[in-house]
Amino acid sequence: MREYNRFDWVDFYHELAEKLLRYKNNRKTLIDKVNAIYTETGLKLPNLDEDGAFDDIDPFTFFGLFNKQLTRENRLKIISAVAKLFGVSAPIPTSFDGIPLLNNMNATFYLFKSEREKDDIDKLWVFFELALEYAKNPSKGKRDRISELFDRFVNTKCNGVSKITMGLFWIAPDVFLNLDSRNRRFITESSAFPSDLVKQLSKIKNKSSAAVCFAFMDKIGKWLQSGAVQLKDFKELSAAAFDYDPDDVRPRYWLFAPGAGAEIWDECYEKGIMPVDWDKIGDFRQYGSKSAIKEAMQEAYDPNQSFSQACHIVWQFVNDIQPGDVVFAKKGVHKIFGYGIVKEGYSFNPARKQYQNIRYVDWKSKGEWDYPGYAPTKTLTDLTPYTEIVYELKERIIDITPHQKFLPPYTREDFLSEVYMDEESYETLTGLILKKKNVILLGAPGVGKTFAAKRLAYSMIGVKDPERVTLTQFHQSYTYEDFIMGYRPNEAGFELKKGAFYNFCKKAEEDGDNEYFFIIDEINRGNLSKIFGELFMLIEEDKRGVELQLLYANEKFAVPKNVYIIGMMNTADRSLAMLDYALRRRFAFFEMKPAFDSEGFQDYRKGLGSKEFDRLIEEVKELNRAIAEDESLGEGFCVGHSYFCGLEDVNRQTLSNIVEYELVPLLKEYWFDEPKKANAWAERLRSAIK
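Per our numbering, residue 42 is the first one in the sequence shown, and the count goes up by one each step.
No lab work stands behind these hints: they were computed from the structure. From a predicted model like this one, the values you see are computed outputs, not experimental measurements. Treat the hints with caution; some may be incorrect.
Simulated crosslink set (DSS-like; lysine-lysine; CA at most 30 Å straight-line) [as the list claims (entries may be wrong)]:
id: 1; residue 1: K125; residue 2: K164
id: 2; residue 1: K407; residue 2: K394
id: 3; residue 1: K125; residue 2: K85
id: 4; residue 1: K709; residue 2: K634
id: 5; residue 1: K276; residue 2: K260
Kindly produce the complete structure, drawing on both the sequences and the hints.
Following this line, the structure appears as structure tokens:
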């Protein structure tokens, strides 16, 4: 019977790494196998070289095929195909805890053909082989050779410390620590690490040398082994970093065995308790350390047993479980009988014949569900770090009302990683929304206003909940009847129909503790006074909750305080000057500008590794300078970066399509009275990608 192991990926990855070495000098066969992986899975082969074709690959990039942003389903498809094609006997991983992931747009460890050195891929194979040898049998000579290659590849344009240490961690996680942003933040901010380690880490930059990086790994490795913290090794550190949240107030999740074979489950459920044994050592609170618990157990039960696991459980039962935590009751390794919420602290009841040590639990459900995989056999297990298991248990067991569901989290960091906006601008924007309640995002075509709006809402909500965010688009024919309510024809004549904003506000009103976001695209295209009607006043921040009589119904209506309105408009829209004063007064305006020079776009650009793309972007930046200086246009007409985002297969045809079918028509519209100027810029853009 296979017991659940959160790091079972290590055995699989290690065996695969050893088998992969057989292809060091037979890469044609390896390429055939890579193609076979994607044929068998039905997934699209990622872009591994220029023009979508590749005739060589290094082992780190091979590992990157399934260690990047993928759904769990697709990841397992690829790994299962790899196991079959390469004869990996280790079990398919059930958990991927602690594994750092590549950016999908920068997923090769080599530059594409036109830029890389002839021996780059050969040397990456040597680097890979040396790392595996060093992990098995460390020596100064091997470390020096690894360091030399580390310094070479960390300075390759597509790589850096984060990416190179990520690759090393995949194949030898007991020796190499991934120094990615997630781990660095955890070490720096969590206060779990001593100041000298934090200070040493701060000296490591994106292109730091192997000497600097390996010295830090040595020091933190020794510190982990010293027992100064519960994390024992690099794997546990990396897994903890995934769960780290400085503002985390979420509950912990526990797996609990209610007696041998769940013999006391019925009593637990009826009495609202969660008891454990080891009654012979009495009240658990009398022991101030795990060693004291261990000594008491050896004296009471058996001096020859270590009781290391038991004393840890006792310590957790008293000190770590907190009110609000979630407990799943289990039987054996396959079944869950229910879940509950911890109510109070620890209690000792000597009047009970057995199971005298108790926590009180509000059990919410009772039934029988399958455990995903194999449950640990211990009496008590902290499941919190096993995020995938927790997610599946919540989906299967926890009672969900029709308006609730478990949703993927979406944080400020997620927003900043997807939307090319700096932190200061994000803080300013969210501050405006919270204060004013109504904000309009304005900017040039293609700066990503629509893309940003929903993600902005999700980041403020904290989860991707489409029930609390809605998008509508105004146009010249959009009316009060569409927005609030009005009479519509039906078979019997006419009936009163509720509009989009009315329904949204009513839904938000029923859920007053949570924020709701109503997003309006092309907000200036509609006649705002007519669309909002008598409710225009009610969207003001100080009028929220104030009721007014509706035009078509014998009903009073208010805009709830938890509804936020985000509008969008193009500064290139020539109707902007006609904006209603009432609109200007009720909204704050936040301008979004082209972000070609932002750190996020620069990283994205480097990841694409395309000279044609680079030339085109530089030409567009020159175009924007010309537009900004044009008296008839100005900055509000500049070309935005979103025209060039989300590209996976960057080739001349892709770029040509953007130029011909998106940018050139825009230029002809801008300079409709100066066709020579429009044509001249069109030719400059075309020339950039030739």
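The hints, checked one at a time:
no.: 1; hint: K125 to K164; verdict: holds (28 Å)
no.: 2; hint: K407 to K394; verdict: holds (25 Å)
no.: 3; hint: K125 to K85; verdict: holds (19 Å)
no.: 4; hint: K709 to K634; verdict: holds (22 Å)
no.: 5; hint: K276 to K260; verdict: holds (16 Å)
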